[in-house]
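Number of protein chains: 2
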Amino acid sequence: MIIDKLYEECNKKSPICVGLDTKIEYLPKFLREEDTSVSEKIFTFNKMIIDNTSDLVACFKVQIAFYEALGIEGLKAYSKTVKYIREKGKIVIGDIKRGDISSTAKAYADAHFSGDFEVDIITVNPYMGVDSISPYEDYMKNDDKALFMLIHTSNKSSKDFQELEVSGEKLYMKVAEKCKTWGENSIGESGFNRIGGVVGLTFPEEFLEIKKECPNTFFLIPGYGAQGGKGKDIKEIFKGGVCGVINSSRGIITAHKGKSEDEDFVKYTREAVISMKDDLIG
Amino acid sequence: MIIDKLYEECNKKSPICVGLDTKIEYLPKFLREEDTSVSEKIFTFNKMIIDNTSDLVACFKVQIAFYEALGIEGLKAYSKTVKYIREKGKIVIGDIKRGDISSTAKAYADAHFSGDFEVDIITVNPYMGVDSISPYEDYMKNDDKALFMLIHTSNKSSKDFQELEVSGEKLYMKVAEKCKTWGENSIGESGFNRIGGVVGLTFPEEFLEIKKECPNTFFLIPGYGAQGGKGKDIKEIFKGGVCGVINSSRGIITAHKGKSEDEDFVKYTREAVISMKDDLIG
Numbered sequence: 001m002i003i004d005k006l007y008e009e010c011n012k013k014s015p016i017c018v019g020l021d022t023k024i025e026y027l028p029k030f031l032r033e034e035d036t037s038v039s040e041k042i043f044t045f046n047k048m049i050i051d052n053t054s055d056l057v058a059c060f061k062v063q064i065a066f067y068e069a070l071g072i073e074g075l076k077a078y079s080k081t082v083k084y085i086r087e088k089g090k091i092v093i094g095d096i097k098r099g100d101i102s103s104t105a106k107a108y109a110d111a112h113f114s115g116d117f118e119v120d121i122i123t124v125n126p127y128m129g130v131d132s133i134s135p136y137e138d139y140m141k142n143d144d145k146a147l148f149m150l151i152h153t154s155n156k157s158s159k160d161f162q163e164l165e166v167s168g169e170k171l172y173m174k175v176a177e178k179c180k181t182w183g184e185n186s187i188g189e190s191g192f193n194r195i196g197g198v199v200g201l202t203f204p205e206e207f208l209e210i211k212k213e214c215p216n217t218f219f220l221i222p223g224y225g226a227q228g229g230k231g232k233d234i235k236e237i238f239k240g241g242v243c244g245v246i247n248s249s250r251g252i253i254t255a256h257k258g259k260s261e262d263e264d265f266v267k268y269t270r271e272a273v274i275s276m277k278d279d280l281i282g
Numbered sequence: 001m002i003i004d005k006l007y008e009e010c011n012k013k014s015p016i017c018v019g020l021d022t023k024i025e026y027l028p029k030f031l032r033e034e035d036t037s038v039s040e041k042i043f044t045f046n047k048m049i050i051d052n053t054s055d056l057v058a059c060f061k062v063q064i065a066f067y068e069a070l071g072i073e074g075l076k077a078y079s080k081t082v083k084y085i086r087e088k089g090k091i092v093i094g095d096i097k098r099g100d101i102s103s104t105a106k107a108y109a110d111a112h113f114s115g116d117f118e119v120d121i122i123t124v125n126p127y128m129g130v131d132s133i134s135p136y137e138d139y140m141k142n143d144d145k146a147l148f149m150l151i152h153t154s155n156k157s158s159k160d161f162q163e164l165e166v167s168g169e170k171l172y173m174k175v176a177e178k179c180k181t182w183g184e185n186s187i188g189e190s191g192f193n194r195i196g197g198v199v200g201l202t203f204p205e206e207f208l209e210i211k212k213e214c215p216n217t218f219f220l221i222p223g224y225g226a227q228g229g230k231g232k233d234i235k236e237i238f239k240g241g242v243c244g245v246i247n248s249s250r251g252i253i254t255a256h257k258g259k260s261e262d263e264d265f266v267k268y269t270r271e272a273v274i275s276m277k278d279d280l281i282g
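Protein sequence lines correspond, in order, to chains U and A.
Just so we're aligned, residue 1 is where the first sequence starts under the numbering used here, counting upward by one.
Just so we're aligned, residue 1 is where the second sequence starts under the numbering used here, counting upward by one.
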């Protein structure tokens with residue numbers, strides 16, 4: 001099961017997920033000035049990062065919004081990037097946060113669990129209810145696909161709705177309960193199931209509360225670094241073992257900015273990953 | 001302002017939105033067998049529907065999931081379709097239900113309010129809070145772009161979260177209140193503002209409750225026809241004037257199935273629109 005594999009990668013390498021939220025301006029000068037298409041330039045940048053960090057990290061996450069922003073050319077780069085990660089035998093998360101129902105959700109499943117944009121795991125938004133989760137089951141029953149559903153996001157305004165009080169509990173706890181229920185029939189060898197949850201590291205106390213409610217849920221954890229999440233918070237959450245993968249995007253993929261505009265930019269990428277690893281599990 | 005224009009189109013033509021949720025199997029045989037790309041076939045189907053219904057309807061909505069499901073080729077058809085609708089001077093809604101924050105939401109704004117996928121209005125998911133709405137402001141301040149945010153969706157399992165009780169009210173009412181607040185500084189000549197709401201016709205009582213709370217909100221209304229929403233429910237909601245646009249997808253774009261596999265398939269499309277118009281305002 002893919003979440004078992006992710007858990008294993010976290011333990012073998014590190015619980016780090018490299019977020020490829022690639023923008024043109026992140027590319028070093030030598031790439032920006034190359035005589036190729038935008039799609040090729042972005043893919044080359046991603047490929048160099050993937051090649052130079054794969055041995056250190058559990059997985060990669062590709063934020064599709066940055067590729068959609070560049071239209072068809074951008075989505076060609078997205079497609080090449082996710083294919084490349086899978087060909088290398090690494091796990092790739094499509095950060096797409098799609099949320100729709102029935103035949104539309106089925107179409108999103110076809111879009112992101114097969115064909116040009118095929119990834120191993122996608123992020124989904126549960127606001128529309130179980131109809132927005134169940135259409136992915138057909139793909140997941142082969143054990144090589146999984147979901148991360150939003151529970152408590154890392155941004156400040158997550159409080160607008162997620163922290164509203166619902167019969168004595170916060171809304172995010174109701175979402176956590178559903179996440180637990182919807183996943184409980186698919187627990188793998190690792191003890192985790194295939195409906196994971198997105199919980200931000202920026203709210204460490206709430207994280208512990210959610211973890212207690214959902215002992216079989218594996219987490220995708222944004223909010224580390226620039227947003228304020230710290231290594232010590234992870235150590236507290238990971239007492240008793242790894243239960244998620246921590247994403248870092250800009251902290252890793254822009255580590256070379258102001259330092260290198262050449263092929264050696266990946267030296268700084270690698271250093272950033274190693275320093276994150278030290279902070280998390282050092 | 002684009003919502004004023006939409007309101008005007010509803011009054012001049014009809015409050016109908018044709019949903020182009022196009023799947024290959026909906027295409028009549030003459031198109032399926034044409035010696036062109038999948039992208040060309042789908043675009044031709046959409047174009048024929050657009051050309052034969054534009055004089056009868058307020059706008060078109062294109063559900064991006066069905067195009068994403070066909071990968072890069074599908075998204076080329078999406079791009080051509082939305083461009084064609086805008087070139088004809090008609091309003092197009094990108095049904096994308098994106099929901100993300102800060103720079104990621106800004107990337108979605110770039111993706112869907114400019115470039116290959118530019119549309120006039122998009123649907124968004126507010127679960128992450130105001131950070132998932134505010135990044136669209138930069139485009140909206142020119143008055144030619146707007147949002148429809150999910151409030152109460154038309155599916156049965158919308159109750160999983162949207163109907164939870166939050167301090168004496170349902171969650172969807174809290175979302176409706178935010179929709180009202182976030183839009184209140186942008187009320188146009190029509191009396192409606194640029195942050196519209198998605199509310200399903202399948203819950204007519206809840207609709208009236210939301211409408212009362214949000215008198216300046218224009219609605220995108222799914223759930224008509226196959227899902228159970230009726231013309232009489234709309235008449236009740238539209239007492240005092242049009243306050244939204246009613247979407248129909250399969251009811252219109254598959255009206256020819258079992259009747260025509262030829263160029264004349266659009267005769268049935270047009271008939272379906274006229275019969276919907278009669279049911280709504282006849």
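Heads up, some of the hints might be wrong.
What the hints assert, rightly or not - Computed footprint of chain U on chain A, listed as stretches where at least three residues anywhere in the stretch have a Cβ under 8 Å from a Cβ of chain U:
#1 31–45
#2 51–57
#3 64–73
#4 81–88
#5 157–165
#6 168–175
Worth flagging that the hints you see were computed from the coordinates, not collected in a lab.
Quick caveat: nothing in here was measured; it's all calculated off a predicted structure.
Every residue gets a Cβ at the ideal spot worked out from N, C-alpha and C, and that includes glycine.
Hints versus structure:
1. Note: the segment 31–45 of chain A has 0 residues with beta-carbon separation from chain U under 8 Å; the three-residue rule is not met and the coverage is violated.
2. Counting residues of the segment 51–57 of chain A whose C-beta sits closer than 8 Å to any C-beta of chain U gives 0, which falls short of three, so the coverage hint is violated.
3. Residues of the segment 64–73 of chain A lying with their CB closer than 8 Å to a CB of chain U number 7, which satisfies the three-residue condition for coverage.
4. Using a Cβ-Cβ cut-off of 8 Å, 0 residues of the segment 81–88 of chain A lie near chain U, which falls short of the minimum of three, so the contact claim is violated.
5. For a cut-off of 8 Å, the count of residues in the segment 157–165 of chain A with a CB near a CB of chain U stands at 8, and the three-residue condition holds.
6. Requiring three or more residues with a Cβ within less than 8 Å of a Cβ of chain U, the coverage given for the segment 168–175 of chain A holds, as 3 such residues are present.
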